[in-house]
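Model the full assembly from the supplied sequences, consistent with the hints where possible.
Number of protein chains: 2
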Amino acid sequence: MSEPKLRAKELDAADGLAAQRAEFVLDEGGEAVYLDGNSLGALPVAVPGRVEDVVRRQWGELRIRSWTESGWWTAPERIGDRIAPLVGAAAGQIVVGDSTSVNVFKAVVGAVRLARSADGAAGLARDEIVVDATTFPTDGYIAESAARMTGCTLRPVPPSEVPDALGERTAAVLLNHVDYRTGRLHDLPALTAAVHAAGAYVVWDLCHSAGALPVGLDEHGVDLAVGCTYKYLNGGPGSPAYLYVRAELQDRFDSPLPGWNSHAEPFGMRPGYEPAPGALRGRVGTPDILSMLALEAALDVWDGVPVEAVRAKSLALTDFFLECVEAYVPEGRVECLTPAPHEERGSQVTLRCRDAGEVMRRLIERGVVGDFRHPDALRFGFTPLYVGFADAERAAGMLAVVLAETGP
Amino acid sequence: MSEPKLRAKELDAADGLAAQRAEFVLDEGGEAVYLDGNSLGALPVAVPGRVEDVVRRQWGELRIRSWTESGWWTAPERIGDRIAPLVGAAAGQIVVGDSTSVNVFKAVVGAVRLARSADGAAGLARDEIVVDATTFPTDGYIAESAARMTGCTLRPVPPSEVPDALGERTAAVLLNHVDYRTGRLHDLPALTAAVHAAGAYVVWDLCHSAGALPVGLDEHGVDLAVGCTYKYLNGGPGSPAYLYVRAELQDRFDSPLPGWNSHAEPFGMRPGYEPAPGALRGRVGTPDILSMLALEAALDVWDGVPVEAVRAKSLALTDFFLECVEAYVPEGRVECLTPAPHEERGSQVTLRCRDAGEVMRRLIERGVVGDFRHPDALRFGFTPLYVGFADAERAAGMLAVVLAETGP
Numbered sequence: 001m002s003e004p005k006l007r008a009k010e011l012d013a014a015d016g017l018a019a020q021r022a023e024f025v026l027d028e029g030g031e032a033v034y035l036d037g038n039s040l041g042a043l044p045v046a047v048p049g050r051v052e053d054v055v056r057r058q059w060g061e062l063r064i065r066s067w068t069e070s071g072w073w074t075a076p077e078r079i080g081d082r083i084a085p086l087v088g089a090a091a092g093q094i095v096v097g098d099s100t101s102v103n104v105f106k107a108v109v110g111a112v113r114l115a116r117s118a119d120g121a122a123g124l125a126r127d128e129i130v131v132d133a134t135t136f137p138t139d140g141y142i143a144e145s146a147a148r149m150t151g152c153t154l155r156p157v158p159p160s161e162v163p164d165a166l167g168e169r170t171a172a173v174l175l176n177h178v179d180y181r182t183g184r185l186h187d188l189p190a191l192t193a194a195v196h197a198a199g200a201y202v203v204w205d206l207c208h209s210a211g212a213l214p215v216g217l218d219e220h221g222v223d224l225a226v227g228c229t230y231k232y233l234n235g236g237p238g239s240p241a242y243l244y245v246r247a248e249l250q251d252r253f254d255s256p257l258p259g260w261n262s263h264a265e266p267f268g269m270r271p272g273y274e275p276a277p278g279a280l281r282g283r284v285g286t287p288d289i290l291s292m293l294a295l296e297a298a299l300d301v302w303d304g305v306p307v308e309a310v311r312a313k314s315l316a317l318t319d320f321f322l323e324c325v326e327a328y329v330p331e332g333r334v335e336c337l338t339p340a341p342h343e344e345r346g347s348q349v350t351l352r353c354r355d356a357g358e359v360m361r362r363l364i365e366r367g368v369v370g371d372f373r374h375p376d377a378l379r380f381g382f383t384p385l386y387v388g389f390a391d392a393e394r395a396a397g398m399l400a401v402v403l404a405e406t407g408p
Numbered sequence: 409m410s411e412p413k414l415r416a417k418e419l420d421a422a423d424g425l426a427a428q429r430a431e432f433v434l435d436e437g438g439e440a441v442y443l444d445g446n447s448l449g450a451l452p453v454a455v456p457g458r459v460e461d462v463v464r465r466q467w468g469e470l471r472i473r474s475w476t477e478s479g480w481w482t483a484p485e486r487i488g489d490r491i492a493p494l495v496g497a498a499a500g501q502i503v504v505g506d507s508t509s510v511n512v513f514k515a516v517v518g519a520v521r522l523a524r525s526a527d528g529a530a531g532l533a534r535d536e537i538v539v540d541a542t543t544f545p546t547d548g549y550i551a552e553s554a555a556r557m558t559g560c561t562l563r564p565v566p567p568s569e570v571p572d573a574l575g576e577r578t579a580a581v582l583l584n585h586v587d588y589r590t591g592r593l594h595d596l597p598a599l600t601a602a603v604h605a606a607g608a609y610v611v612w613d614l615c616h617s618a619g620a621l622p623v624g625l626d627e628h629g630v631d632l633a634v635g636c637t638y639k640y641l642n643g644g645p646g647s648p649a650y651l652y653v654r655a656e657l658q659d660r661f662d663s664p665l666p667g668w669n670s671h672a673e674p675f676g677m678r679p680g681y682e683p684a685p686g687a688l689r690g691r692v693g694t695p696d697i698l699s700m701l702a703l704e705a706a707l708d709v710w711d712g713v714p715v716e717a718v719r720a721k722s723l724a725l726t727d728f729f730l731e732c733v734e735a736y737v738p739e740g741r742v743e744c745l746t747p748a749p750h751e752e753r754g755s756q757v758t759l760r761c762r763d764a765g766e767v768m769r770r771l772i773e774r775g776v777v778g779d780f781r782h783p784d785a786l787r788f789g790f791t792p793l794y795v796g797f798a799d800a801e802r803a804a805g806m807l808a809v810v811l812a813e814t815g816p
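Top line first, the protein sequences correspond to chains A and B. Counting from 1, one number per residue, gives the positions in the first sequence under this note's numbering. Counting from 409, one number per residue, gives the positions in the second sequence under this note's numbering.
Hints are computed from structural coordinates only; laboratory data are not their basis. All C-beta atoms in this analysis are idealised placements derived from N, C-alpha and C, irrespective of residue type, glycine included. Hints should not be assumed to be uniformly reliable.
[What the hints assert, rightly or not] Label pairs and their in silico Cβ distance ranges: (1) B:R678 - A:S2: 38 to 44 Å; (2) A:E219 - B:G575: 51 to 57 Å; (3) B:E627 - A:G221: 53 to 59 Å; (4) A:A264 - B:P566: 24 to 30 Å; (5) B:R769 - A:P271: 24 to 30 Å; (6) B:R678 - A:G221: 29 to 35 Å.
[Stated by the list, open to error] Stretch by stretch, here's where chain B covers chain A in the computed footprint (C-beta under 8 Å, at least three residues): (7) 48 to 55; (8) 139 to 146; (9) 268 to 279; (10) 288 to 301; (11) 394 to 408.
[Said to hold, decoys possible] Here are some chain A residues the structure puts well away from chain B; computed CB gaps all over 12 Å: (12) A18; (13) A19; (14) E31; (15) D127; (16) R169; (17) G199; (18) E323; (19) V329; (20) D355.
Shown next, in the form of structure tokens:
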């Protein structure tokens, strides 16, 4: 057995999270390695049965009564409270529903309005939204729309230059906690403090960090945050996203999408809008119950799992994968875009290589599933609840095989 | 057998849609009558198996590959094309996704922008959004937000007075095809023509008409429309809504929610937004696949069912229910809020009575499920695909029993 294979065996044997793997449907026995959980999390074992009950009994038999009897109506805030501890939030600050894009819109417009209502005439002069220039595209597109609709200018800035870009005109800042392409982890505490020092409000996009590492929303005084639930939270394809509004800001949170579900008395059917107190203010329309309750079932895998343990394993996995790549792949054939320091690394490894599209196609053919991002990036996501060290070794080995085939 | 019971038997025997009932999960054999399909449609028999396949095989086994191999990525427009014939639209004009409220926002802001881009300086002076004063509340709340964010004034007007309220300042008009409370059907062709004569753009909310009666979106030149899919379309609790943008307007449709799913090249991951052509421009973020594919399965019940036949049965059902109420319920005990003329009636009957909350509670206890709308309305929805004439007779009979109990 090669040295990396032996190491993998030792590391798997010592892995305190190894038992969690049984909570997921995986291709056990085969040679397949799923390293795309940063795009779509694997299916938790508990989900199919729960979804069947929702469809057959709750919808099929109880029908309309399930809005109360099966807890459909309160699902957005109940499931929000399940996500809360994973991102370092006390209960009552998160609601689930809508897509990430729609939640970015609520959060960015909400942040601009918070900034303007904060300090009278000075607040009104705030007319700039700063956005991570390397953001996942949808955040930039939606921030541009939010800017247009609030009379602001959108200013794209690389995250490292954000502190210098802030000023009296800054209303809101939209940042990604982990860069979707490179896997770089940004300094949430320092950037949040910088935004606050400028009198502005920050929105963090947690799509690539929630469920992979501690976020500490409350601890670091984050104002607003959004995230998807189908990556490290395993909620299923297109499962609903969430919105966090810090408790102290909720009374002033002024949503641009004040649907009837966010009304103080939704069944009063009143012509005038009066926002609900608390996190419910972030709701909009009728929640999509099937997707939402699949997510609720998926969150059971987190029971008793400290996110710190997930983070420790995630770093060990990405460290080990990089070691294996170094051992197996000829020098210079790939370049690692993911930062080496732990404090700058999320839970994925991105390798740049010339023929990345073709390389990933061949890897997937051989059962090593990562993904390709135009033009030259291979992404490998490490989801500590169900990926082991032997998986990492196998993936690196197969990468070396494929790279040898596709040329020097 | 009483005269209404005999009539019910004859009508059921002659019902050309009676066979459709077998496509749904109902409480056969029992005395239950489900008249709340105008709130949540019954479960189509085909749905549970399809959802199980989506969860276990498409998500659980194929995982990320399903975005292409299981047709996840194209589901919003594919399912939109399934809904299209039910609302009189040619293919390529409807996308499914997001809630009704979110789609109202896209449509109303989109309509204002269409009006302003239509005729130069004159267009820019259009600063009024007219909304049905009796609308389902969320439409009014969202229209208010759309007005605020586009520099318009919101003007609530009773539908009958809309033609007189239109003028050079009108940018957009948001109307309900069927009133959710009274079941009144509004004159879509005439109102659409009036809006167009004023140079404005109309948005129709089809929540309470799609799947119950012919809508004729293309025929009547409707500009934009939205609707939910969990009432007469039986998509399941909170199943995704849809957005119609008339083909000739799509190039100028300027969405306030330009998420990455509406980009001309979504996987190009470009920093600059460039809208996709066609109906796809109405998409926003990643679609909620579980809810969406449950809806797709639910739409199978429409294969070979002409919406005209549904309309004919719907009118026969509501006529017959009103006859039975007249036969069984003492005069003056309830008042019908639903218009008698067929051209003004949707597919529900709303009865006003003093103690409506208590009456509906007792009806539901006895298996006749309608719903109560504050302060005094009993709503009975007639979904022609699975409600029969015997159901209507039984519901009216039980209503008489309950009303006798609760006092004169």
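Beyond 12 Å from every chain B Cβ - status for R169 of chain A: Given that every Cβ of chain B is farther than 12 Å from that of R169 of chain A, nearest at about 20 Å, it holds.
State, for the Cβ atoms of R769 of chain B and P271 of chain A, whether the hinted interval 24 to 30 Å holds or is violated. holds, 26 Å
Can the region 268 to 279 of chain A be counted as covered by chain B under the rule of three residues or more with Cβ-Cβ separation shorter than 8 Å? Answer holds; 5 residues pass the 8 Å Cβ test.
Is the Cβ of D355 of chain A farther than 12 Å from every Cβ of chain B? Answer for D355 of chain A: holds, closest chain B Cβ roughly 18 Å.
Say whether it holds or is violated: V329 of chain A keeps its Cβ farther than 12 Å from all Cβ of chain B. Given that every Cβ of chain B is farther than 12 Å from that of V329 of chain A, nearest at about 24 Å, it holds.
Outcome of range test on Cβ distance (E219 of chain A, G575 of chain B; 51 to 57 Å): With Cβ atoms ~55 Å apart, the hint holds.
For the hint 38 to 44 Å, verify it against the beta carbon of R678 of chain B and that of S2 of chain A. holds, 42 Å
Annotated coverage of the region 48 to 55 of chain A by chain B, confirmed only when three residues or more have a Cβ within 8 Å: Three-residue rule met by the region 48 to 55 of chain A, so holds; n is 4.
Does the region 139 to 146 of chain A contain three or more residues whose Cβ lies closer than 8 Å to a Cβ of chain B? It holds, with 5 qualifying residues against the three required.
Please verify that the nearest CB of chain B lies beyond 12 Å from A18 of chain A's CB. holds, 21 Å
Interface-negative label, E31 of chain A against chain B, beta-carbon threshold 12 Å: For E31 of chain A, whose nearest Cβ neighbour in chain B is about 15 Å away, the distance exceeds 12 Å, so it holds.
Cβ-Cβ distance between R678 of chain B and G221 of chain A: within 29 to 35 Å? holds, 33 Å
Figure legend: structure checked against the earlier numbered hints; the only hint not met is number 11.
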